[in-house]
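Order-wise, the sequence lines are chains A and B. If you read the first sequence in numbering that gives the first Met the number 0, its first letter stands for residue 0, the second for the next number, and so on. If you read the second sequence in numbering that gives the first Met the number 0, its first letter stands for residue 0, the second for the next number, and so on.
These are calculated hints, taken from the structure and not from any lab test. This one's a predicted model, so the numbers in the text were calculated from it and none came from an experiment. Warning: the hint list may mix true and false statements.
Said to hold, decoys possible - Each computed PhoX-like pair below joins lysine-lysine, with the alpha-carbon atoms no more than 20 Å apart:
| # | chain 1 | residue 1 | chain 2 | residue 2 |
| --- | --- | --- | --- | --- |
| 1 | A | Lys578 | A | Lys527 |
| 2 | B | Lys323 | A | Lys291 |
| 3 | A | Lys291 | B | Lys335 |
| 4 | B | Lys325 | B | Lys335 |
| 5 | A | Lys427 | B | Lys331 |
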Amino acid sequence: MATLVDGPDALTGGKDTSNPEAVVVRFAGDSGDGMQLTGGQFTLSTALAGNDLATFPDFPAEIRAPQGTLFGVSAFQINFGSTEIDTAGDQPDVLVAMNPAALKTNVGALKVGGLIIADTGEFNKRNLEKAKYDVNPLEDGSLEKWQLLAFDISALTLEAVKPFGLGNKEALRCKNMWTLGLALWMFDRDRQPLIDWLNAKFGKNPVLAEANVAALNAGHAYGETAELAGPLKQYHIAPVESEPGLYRTVTGAEAISLGLVAGAQLAELPMFFGGYPITPASAILHNLARLKEYGVTTFQAEDEIAAIASAIGASYAGQLGVTSSSGPGIALKGEAMGLAIMTELPLVIVNSQRGGPSTGLPTKTEQSDLYQAVYGRNGDAPMPVIAARSPSDCFEVAIEAVRIAVQYMTPVMVLTDGYIANAAEPWKVPDPASIKPFPAKFLGEKNGPNGELLPFARDEKGARPWIKPGTPGLMHRIGGIEKNPGTGNIDYSPASHQIMTDARRDKVDGVANTIPLQDVVHGEASGKLVVVGWGSTYGPIYQAVRRARRKGLDVSHVHVRHIWPMPSNLGDLLKAYDKVLVPEMNTGQFKTVLRDQFLIDAQPLNKTSGQPFTIAEIEEAIVAALGGDVGGEVDADKTQLPSIKSVNP
Amino acid sequence: MNEMTKIAVQTTLKDWETDQEVRWCPGCGDYAILKAVQRTLPELGADPANTVFVSGIGCSSRFPYYIESYGFHTIHGRAPAFATGIKLANPDLDVWLVTGDGDGMSIGGNHTMHILRRNVNVQILLFNNEIYGLTKGQFSPTSREGTNSPTSPLGSVDRPALPCAFALGSGARFIARAYDVSKNLSAVLKAAHAHKGASFVEIFQNCIVYNKDRFDDFVAKGVADQNQLWLNDGEPMLFGSEKSGGVRGIALDMETLSLKVVDVVDGDWQAAGVIVHNVKNRALAHMLVEMPFGPFPMALGVIYDDPRPTYETVLLGQDEQARKGKDANLAKLLGKGQTWTVSGTAADPI
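Bound conformation, chain A alone (with noise of 0.2 Å):
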């Protein structure tokens, strides 16, 4: 597929490659050596030099695994441009390896060509074992298919921060630092943001300021020299063309924690976030607990069936109650989601989701728990289900799911990954007075024909009121029991049990009346193929559908949100297309959610190894759906891992 695999040379002859439209660098190192920390400072500055940019934090389930294993490297790939950006990259142009275990656990995913930028300081005898190299692969030609830039970053970080008389050990944290110099002078970026940063992180050891500082510098100092001897070059990434605005760099869990302060305040609600920590859904407890003026009470649970009680607790008594985990934590609070749909109390629950089953890979990214988001619990409980397809998308749908939550009296379930949450993209910030706000409203008073209260009489859109204890004369008992459809009073008799099924099943199919009809992201409403898409697997489909367009096929991109219930276009939508192709992180659940759906012949394409799918797979898989033609070559499309092998001069 030499078409789907930039060669070195395919995009490189004739052109100024000083210049790339965009490129992916990856940062690996020891779980220790702040790669994650390196990532975060070069993914703002990029943004600050106004690139597009998507990033990929794959760091191990180990706090601190031992050093130098091959099952403690931490990497942060970043892919930036000058164009639009929507997967953290295929295949890394750039490779910074902090020792042998990282350069052998990511080398293989380098393009062919790319550059190889490591400390030969650990590449002592030491680390080779521990990484299982028999032989140091700097010195035996194993990595002559690409660039190799090879020199003692430890010595030279050393040398930097001598002057400020740290010990051997913190003198050589500053690594991290002298890298990351390396890199913003390789992209000609500014290093005043990242010295501001460093001032004030280490406001109160101002010697450990100062010797980051000049590690950074000295790093940055040595891509100038390094140039002039020859084997460095700069590159310059034009800023990408964006809509005038103010922006930000968000990743999913800012933007969903944002997305909930956002939807209360439109639902002119406080709220009430009850948590219980668990990777990678934690950082949003975190978050909220700095957000308190915004009307937010965080609470961290005894566990995750106490995170989602008291969050149905708090809704009971009249705020806005939302939990959140993953897979592990949401199948505890199964029991209490079936309790939240019973009593029709509002709800929001996020499920950032990781590989499973059971603790799986926790830190790995995978779509695997779609079934039990819309399936997961005992009885017919149906639920309305969410997906968010990156990072800054995770807003919009943090403030959908609380419309529908409020709106129906419901649990809504959010679905993210461990990719959304904890990449980064850059965002335009919305303006909030531009969203239409949904007040909440409690009954003041009964509401019956008769003068008595009914808590389950229905209104338009067959909710029930929201009736908050404290309010005078409205006293009624609610409870997981079935219940009299008008009273709620226990009630389990046939003709009551089957009427309030129905109604629980008609409310959240009724959700789809206020959604938005299904789209087509890019291509036609009908043709050869559709690849349809749910969550993450956004930018990959994309920019695999757009790739495959531009050689002429005919592929369109239908890219779902509203996962549970679906929009009520959507299955006329699919059946116009010859072909449904369905890639997800799993083993084909949503495309089994879909045939059942619709009855439509939707084909999976499967992923599980806990890595977002890259672009040249799923258009390998186009070009297999539509019979192998792969179409014309790509000829203006240049926004891809333009090759850099010119570093060498």
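Mind docking chain B on chain A? Use the hints.
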């Protein structure tokens, strides 16, 4: 709740009865507890609109359906977590939590522990009938060793849990004990209500069907006087009477640092070394909740009552403090951090 703002409401027992038919077995101890609660609420000046009964699952947990207030019948064992959310959302609500030995000590033991340790201001009534009633008679975590049941036909081998000892170990600041038909139950409920913070009340309750008369060894007429030690703050720990074979008291054995039963002659309890109850003495509380029935009488009444700030006061107070001087400007929040402005596109620069 601020004492100054609490307005006593005039109600009668009738005002606290719902139109729902009570579905407990005839003769169940729960009826007596229900009546005691309905009788006590008017005396507390409680407002039905401001009162919430929260429960889990089990016979005891049907309780909210029979009290004319707000009521939430939740899921098995988790009532403390729901109650915590309710109190944090609206600390002015007067919350009662009704649970049982299975609900509160077995499936929900974890939540019982944490609501007590956090000291959420609710009254927890644990109906202990030493059996699973609603699932038809299996042994429970408080069943005595050797209990014959459908799941322990050879007699249970589990050591029973001691709810009051568990509560104290969890950090409870109020612990009391009573039983369903006791005339003192109402006084114990009032003391529990008066305590600011989590108050834990174990109420022995007769399961007429699966564990009939289990507590007769200290509640039955004729033995009650000799086998019940009613604790009153500032009063000596005396039980029995001249009529029932002599007055006795609880004293401290200084050699073994444990409690002992002593005879009191001619009412001179001081000479016998009888301990004066002090509800704020935690060490004493530890000995009382562990005091084995048989060699000792059953300790009843308020065992421990030493309030400290409630969870919601401290947590919400901290939140309030954090909000001071900050405004909730959403637009500002969204645009926080390092931002950049795009004023025009590269193709169309401004």
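Pair hint Lys291 of chain A and Lys335 of chain B, alpha-carbon separation not exceeding 20 Å: holds, 16 Å
Given hint Lys331 of chain B paired with Lys427 of chain A - CA-CA distance at most 20 Å: holds, 13 Å
Proposed proximity, Lys291 of chain A with Lys323 of chain B (alpha carbon, max 20 Å): Measuring from Cα to Cα gives roughly 10 Å; hence the hint holds.
Satisfaction of hint between Lys527 of chain A and Lys578 of chain A, Cα-Cα up to 20 Å: With a Cα-Cα distance of about 6 Å, the restraint between Lys578 of chain A and Lys527 of chain A holds, given a limit of 20 Å.
Satisfaction of hint between Lys335 of chain B and Lys325 of chain B, Cα-Cα up to 20 Å: OK: Lys325 of chain B and Lys335 of chain B at ~14 Å, within 20 Å.
Against the hints set out earlier in the document, no violation occurs for any number.
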